[in-house]
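K.L.:
Residue-level listing of the chains:
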Amino acid sequence: AQSVTQPDIHITVSEGASLELRCNYSYGATPYLFWYVQSPGQGLQLLLKYFSGDTLVQGIKGFEAEFKRSQSSFNLRKPSVHWSDAAEYFCAVGDYSGGGADGLTFGKGTHLIIQP
Amino acid sequence: NAGVTQTPKFQVLKTGQSMTLQCAQDMNHNSMYWYRQDPGMGLRLIYYSASEGTTDKGEVPNGYNVSRLNKREFSLRLESAAPSQTSVYFCASSVTVATNEKLFFGSGTQLSVL
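Residue numbers (my numbering), protein chains in the order written: chain A, 330 to 445; chain B, 3 to 116.
Be aware that one or more of the hints could be misleading.
Claimed, not checked - Derived pair list, reagent style DSSO-like, types lysine-lysine, alpha-carbon separation capped at 27 angstroms:
(1) A:K437 with A:K390
(2) A:K437 with A:K397
(3) A:K390 with B:K16
(4) A:K378 with A:K397
(5) A:K378 with A:K390
(6) B:K16 with B:K73
(7) A:K437 with B:K73
(8) A:K397 with B:K16
(9) A:K378 with B:K104
(10) A:K437 with A:K378
(11) B:K16 with A:K378
(12) B:K73 with B:K11
(13) B:K16 with B:K59
(14) A:K397 with B:K73
(15) B:K104 with B:K73
(16) A:K437 with B:K104
(17) B:K11 with B:K104
(18) B:K59 with B:K104
(19) B:K59 with B:K73
Keep in mind the hints are simulated off the structure, nothing from the lab.
Keep in mind the model is a prediction, meaning the values are calculated, not measured.
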């Protein structure tokens, strides 16, 4: 079974600064990869996903992520954060089991704090 | 656009009480899910329904039952609530159950069991 690690529980970034959130996965092949964002009191919203092809994927709200097979990583980046980016961010990994939702594993999340 | 609607938003139960969490989606999705979110644990799948008329266990199904009432609605029932079931519960839906599908989430139900 696959696993997902988000090494940083909390990250604090100044408004306007760049951001990188780390995600590492364990899976025998190239998995499906996702980043979701959860604003306070809300459900999760998909930011971006990677299945194949170009390893740099663009998402909503100015976010991008890069798949690096050699490092088993799928880090999320944003060049300049806004106060509204303060939220919880989840990386998720899907396998090819075909069995459905039980093949999708979420990381434990990274809480992003934006300093004025 | 309503998307995925969950009720109630908040609930407090005493140990041993029962309750049903309701979920409805208006996107004509085939698949629906129930997750729980606990601090430091991320999201864990409780049950899912690949299509109307089917339900399957996820990672943490013990203590829960589900009903896929129709294509729109998927309810989660706690027959005898326990403090360990204190959590935030999220319903989600997707076009199909394939692992590469985008999930659409409701805004959650915060449940406390005393």
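K.L.:
Each hint should be assessed against the structure and marked as holding or not.
P.N.:
Verification of the supplied hints:
no.	hint	verdict
1	A:K437 with A:K390	holds, 22 angstroms
2	A:K437 with A:K397	holds, 20 angstroms
3	A:K390 with B:K16	violated, 42 angstroms
4	A:K378 with A:K397	holds, 14 angstroms
5	A:K378 with A:K390	holds, 14 angstroms
6	B:K16 with B:K73	violated, 32 angstroms
7	A:K437 with B:K73	violated, 30 angstroms
8	A:K397 with B:K16	violated, 48 angstroms
9	A:K378 with B:K104	holds, 8 angstroms
10	A:K437 with A:K378	holds, 18 angstroms
11	B:K16 with A:K378	violated, 41 angstroms
12	B:K73 with B:K11	holds, 22 angstroms
13	B:K16 with B:K59	holds, 25 angstroms
14	A:K397 with B:K73	violated, 39 angstroms
15	B:K104 with B:K73	holds, 18 angstroms
16	A:K437 with B:K104	holds, 19 angstroms
17	B:K11 with B:K104	holds, 23 angstroms
18	B:K59 with B:K104	holds, 20 angstroms
19	B:K59 with B:K73	holds, 18 angstroms
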